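**Q** The chain contents come next:
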Amino acid sequence: MITLRSDLHIHTLLSPCGDLDMTPAAIVQRAIEKGLHLIGITDHNSTRQAMLVKELGAEQGLYVLCGAEINTREEVHCLTFFDEESAISEFQDFIDKNLSDIENDPLRFGHQVQVDREENIVYIEKKLLITALHAGIDEIETEVHRLGGLFIPAHVDRTRFSLISQLGFIPADLRADALEISAANCHPEALAPYRIMFPGAFITGSDAHYSHQIGNHYTEFTIKDISLAEITMALKNQGGRFIKKLL
Amino acid sequence: MNVRELQQKLSLTVFCGGRSMEYEVSGGYTCDLLSDVMGHARSGNVWITLQTHQNVVAIASLKELPAIVLVKGFNPDTGMMEHAEKEGIAILGTDEDSFTVSGRIYQLLVSR
Numbered sequence: 000m001i002t003l004r005s006d007l008h009i010h011t012l013l014s015p016c017g018d019l020d021m022t023p024a025a026i027v028q029r030a031i032e033k034g035l036h037l038i039g040i041t042d043h044n045s046t047r048q049a050m051l052v053k054e055l056g057a058e059q060g061l062y063v064l065c066g067a068e069i070n071t072r073e074e075v076h077c078l079t080f081f082d083e084e085s086a087i088s089e090f091q092d093f094i095d096k097n098l099s100d101i102e103n104d105p106l107r108f109g110h111q112v113q114v115d116r117e118e119n120i121v122y123i124e125k126k127l128l129i130t131a132l133h134a135g136i137d138e139i140e141t142e143v144h145r146l147g148g149l150f151i152p153a154h155v156d157r158t159r160f161s162l163i164s165q166l167g168f169i170p171a172d173l174r175a176d177a178l179e180i181s182a183a184n185c186h187p188e189a190l191a192p193y194r195i196m197f198p199g200a201f202i203t204g205s206d207a208h209y210s211h212q213i214g215n216h217y218t219e220f221t222i223k224d225i226s227l228a229e230i231t232m233a234l235k236n237q238g239g240r241f242i243k244k245l246l
Numbered sequence: 000m001n002v003r004e005l006q007q008k009l010s011l012t013v014f015c016g017g018r019s020m021e022y023e024v025s026g027g028y029t030c031d032l033l034s035d036v037m038g039h040a041r042s043g044n045v046w047i048t049l050q051t052h053q054n055v056v057a058i059a060s061l062k063e064l065p066a067i068v069l070v071k072g073f074n075p076d077t078g079m080m081e082h083a084e085k086e087g088i089a090i091l092g093t094d095e096d097s098f099t100v101s102g103r104i105y106q107l108l109v110s111r
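Taken in order, these protein sequences are the chains called A and B. Take the first sequence: its letters are residues 0 to 246, numbered as in numbering that gives the first Met the number 0. Take the second sequence: its letters are residues 0 to 111, numbered as in numbering that gives the first Met the number 0.
One chain only, chain A, in its complex shape (with noise of 0.2 Å):
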């Protein structure tokens, strides 16, 4: 077994709110310099700069889980990780079809630009990515298990866009495969009250926009080698795998 060190929530110059330094080689050396084994790449409701962080995290020995993080009908965001390209592919398509059609305001909203390796601009979103899905967080969670896919809603202790401020408690019935939190609560007795609603795992992540944030709040695994099986496996605390620590 190994002990990896992980950054699950990560925002490119994708995102309008996302710092147009946050280039994928800029994220991928940040991490490395970080000590992080492994990041996810999770923009506001897009997966299409996360590819690309991944092919440059695999030549550096960074393994990268790409994903979005989701804004639901009840704007509660939602982070979610794929493993397949063809999923990820698929999910795409499910948000574009999801997505309402508002134009973004670059000088009120950020800039929303996918750039390539030599870090041109190749494509500039044109909707407003922080918007609320015509998806309900059920049907959210719904498509990204069938897609194989994890559904983690992110930052639940938040005042605002979170499970708790948006629903008032987490359903008994929520199919999520983990919950983020934010790095204030990770502490058992912050956390105790959370593990009351939620029997299952939790994970914390830097939610960066800048890349001096990367790597500031991350979760340890325990697990054989990395893969999203093996970590599907630690968030179930199956088989030996296991998170190890919050931090």
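Just to be clear, a hint being listed does not mean it is correct.
[What the hints assert, rightly or not] In silico DMTMM-like cross-links for lysine to aspartate or glutamate, where the CA-CA straight-line distance does not exceed 20 Å:
#, chain 1, residue 1, chain 2, residue 2
1, B, K8, B, D94
2, A, K126, A, D104
3, B, K71, A, E74
4, B, K71, B, D96
5, A, K235, A, D224
6, B, K71, A, D100
7, A, K126, A, D137
8, B, K85, A, E54
9, A, K53, A, D224
Hints were generated in silico from the structure; no laboratory data involved. None of the values given here were measured: they were computed from a predicted structure.
Fit chain B to the known structure of chain A by using the hints.
**A** Just chain B now, with coordinates in the frame of chain A:
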């Protein structure tokens, strides 16, 4: 005024009736943040919202809210309907937005 009179006067759709239709309406609360409703709605209030998740019913039950009015033509989720039937909470609907239907309910309640 009870929930049934309010429903009839405003011609609201009835998705789920139940025993709450006879309950007295003390006022209304208009909000889409469930955590806020949990903290601030008062017993007997009808709840005007666009949220259709099953947690809405759980909070209505906790706060003793007899009816939920879904706005803008939203339909309740399956889970919401099942829980409402079980809990006996009325789910009503309108094509109007929250501002308009809240105004109508307010007018009905203060005119009495």
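**Q** Give a verdict on every hint.
**A** Verification of the supplied hints:
This hinted pair checks out: K8 (chain B) and D94 (chain B) have alpha carbons roughly 15 Å apart, not beyond 20 Å. A threshold of 20 Å between alpha carbons decides the hint, and for K126 (chain A) with D104 (chain A) the separation of about 9 Å falls inside it, so the pair holds. As the CA atoms of K71 (chain B) and E74 (chain A) are separated by approximately 17 Å, the hinted pair is consistent with the 20 Å bound. Distance restraint check for K71 (chain B) and D96 (chain B): the Cα-Cα separation of roughly 5 Å lies within the 20 Å cut-off, and the hinted pair is therefore satisfied.
Distance restraint check for K235 (chain A) and D224 (chain A): the Cα-Cα separation of roughly 16 Å lies within the 20 Å cut-off, and the hinted pair is therefore satisfied. Between K71 (chain B) and D100 (chain A), the direct Cα distance comes to roughly 18 Å. Compliance with the 20 Å bound is thereby established for this hinted pair. A threshold of 20 Å between alpha carbons decides the hint, and for K126 (chain A) with D137 (chain A) the separation of about 24 Å lies outside it, so the pair is violated. Between K85 (chain B) and E54 (chain A) the alpha-carbon distance is near 51 Å, which puts this suggested pair outside the 20 Å criterion.
Proximity of K53 (chain A) to D224 (chain A) is assessed by CA-CA distance (about 17 Å); at most 20 Å being required, the pair is judged to hold.
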